[in-house]
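Residue numbers (the working numbering), protein chains in the order written: chain A, 1307 to 1515; chain B, 1307 to 1515.
If you're looking for bench data, these hints aren't it; they were derived computationally from the structure.
Careful: at least some of the hints might be erroneous.
As the list makes no split between identical chains, a pair holds if one copy fits it or if it spans any two.
[As the list claims (entries may be wrong)] Listed next, the in silico DSS-like pairs over lysine-lysine satisfying Cα-Cα at most 30 angstroms (straight line): (1) K1484 <-> K1355; (2) K1484 <-> K1328; (3) K1367 <-> K1440; (4) K1314 <-> K1355; (5) K1449 <-> K1367; (6) K1398 <-> K1449; (7) K1367 <-> K1398; (8) K1410 <-> K1449; (9) K1314 <-> K1367; (10) K1355 <-> K1398; (11) K1367 <-> K1484; (12) K1365 <-> K1398; (13) K1365 <-> K1328.
Number of protein chains: 2
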Amino acid sequence: MSNQNISKSTLQRLPLYLNYLKSLPDTVINISATAIAEELRLNDVQVRKDLACVSTSGKPKIGYNTEDLIRELVAFLGYDNNNNAVIVGAGKLGRALMGYTGFKEYGLNILLAFDQNPDVVNEQELILPIFRLKEICGRMKIKIGIITVPAASAQEVCDLLVESGVLAIWNFAPVHLKVPDGILVQNENMAASLAVLSNHLSEQIGKNR
Amino acid sequence: MSNQNISKSTLQRLPLYLNYLKSLPDTVINISATAIAEELRLNDVQVRKDLACVSTSGKPKIGYNTEDLIRELVAFLGYDNNNNAVIVGAGKLGRALMGYTGFKEYGLNILLAFDQNPDVVNEQELILPIFRLKEICGRMKIKIGIITVPAASAQEVCDLLVESGVLAIWNFAPVHLKVPDGILVQNENMAASLAVLSNHLSEQIGKNR
């Protein structure tokens, strides 16, 4: 199974399928794409196409063996290999992410954090000074960098991560990062989410006036 | 200025503009949509249209007064009113979000958390038992609920929040939530982000073999 040509939107739906399948009782031996589509309110042609990227085990009229499909999704999503990552910016958000054990389930292993503020650096808590980033990422062959610095320093940190050999960046700073070809930036734009929430509220409250 | 008809993608770009404008030195009195577009690598027609939803103060050949535009963006995004919110699920992620002071900047004020586990409930830390959710949200007129429970309980929690009068839900559980009309769900799908990152890595590493 190749994952070279899979679309980003398919990739983003796969964890939804996986979570749904995991939530089913053990008595559900087989499941059809149609049943999954109905439950998740998605188009069933789309679900069928998505699952075809991941599995070849679906059978007409029977569907997929639930356990096999879970295993195939986990493998495809890389949740069974460990991706080591570092965080840059050990402020509140950075430390919250470091302390969050839930990422292990998704194969993300946050090893270390870096910060430029000497008051925050603490080797016992695995928070190192930023000047050691390049050497350590190179030596440990770190491929994922997580940016949780303020917006104003995010581009500088991004450049440093790229120089250090990182190939994928998970960006929590609300800025657009410029990267060379071959480097992926995945934005986790919480400020954008909050804008959508807040706008919805002002619309709803406007209506009820 | 009405925000009834603004598209979700425009809304999601507005915080980027705001952050960029805030990062400029005080000496930048005026700025054009073209300059913003170039800096953020966006289409300048799009930037012009986005800003026209927020501000009427742009002038031909001069552009926008930077300070005015910042003020207009802040007001439009609702960052200057306080939206009170509650969290359901006081696990690692829920507590991390509770402790993250950065949301205040975006007008989000997390007042309380709720959890069903009596061992986690702690009134001094503002973590209350779930059975008090409906009463408290009703009394305090809470309109935003943040879901940080495991995927399997997210729909149940969502229903409870809607019954309690919440109009907008910020969902960190990797599941599709069903809600009545008029209720907005904003998904923060970290599992999806991790799938995109991990797939990029396996592609890149595959190439270099």
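### Query
Between the shortest in-copy and the shortest cross-copy C-alpha distance, which are at most 30 angstroms for K1484 and K1355: within, between, both, or neither?
between (33 angstroms within a copy, 23 angstroms between copies)
### Query
Within a copy, between copies, both or neither: where do K1367 and K1440 come within 30 angstroms Cα-Cα?
neither (54 angstroms within a copy, 44 angstroms between copies)
### Query
Given identical chains, is K1410 near K1449, meaning Cα to Cα at most 30 angstroms, within a copy, between copies, both, or neither?
Within one copy only: 16 angstroms inside, 32 angstroms across.
### Message
My question is about K1398 and K1449: at a cut-off of 30 angstroms on alpha-carbon distance, are they close within one copy, between copies, both, or neither?
### Response
both (23 angstroms within a copy, 25 angstroms between copies)
### Task
Evaluate K1484 and K1328 at a C-alpha cut-off of 30 angstroms and name the case that applies: within, between, both or neither.
between (37 angstroms within a copy, 18 angstroms between copies)
### Message
Regarding K1365 and K1398, is the shortest C-alpha distance of 30 angstroms or less found within a copy, between copies, in both, or in neither?
### Response
For K1365 and K1398, neither the intra-copy (49 angstroms) nor the inter-copy (40 angstroms) Cα distance is at most 30 angstroms.
### Query
Between copies, within a copy, both or neither: which fits K1314 and K1367 at Cα up to 30 angstroms?
within (29 angstroms within a copy, 39 angstroms between copies)
### Query
Given a CA cutoff of 30 angstroms, do K1367 and K1484 count as a within-copy pair, a between-copy pair, both, or neither?
between (48 angstroms within a copy, 28 angstroms between copies)
#### Entry: K1355 and K1398: within-copy, between-copy, both or neither at 30 angstroms Cα
neither (41 angstroms within a copy, 35 angstroms between copies)
### Query
What label fits K1365 with K1328 when the C-alpha limit is 30 angstroms: within, between, both, or neither?
The answer is within: 20 angstroms in one copy meets 30 angstroms, while 56 angstroms across copies does not.
### Within, between, both or neither, where K1367 and K1398 count as close if Cα-Cα is 30 angstroms or less
neither (51 angstroms within a copy, 42 angstroms between copies)
### Task
Indicate which option fits the pair K1314, K1355 if close means a Cα-Cα distance not exceeding 30 angstroms: within, between, both or neither.
Close inside one copy (13 angstroms) and across copies (27 angstroms); limit 30 angstroms.
Of the hints listed earlier, those the structure fails to meet are numbers 3, 5, 7, 10 and 12, in rising order.
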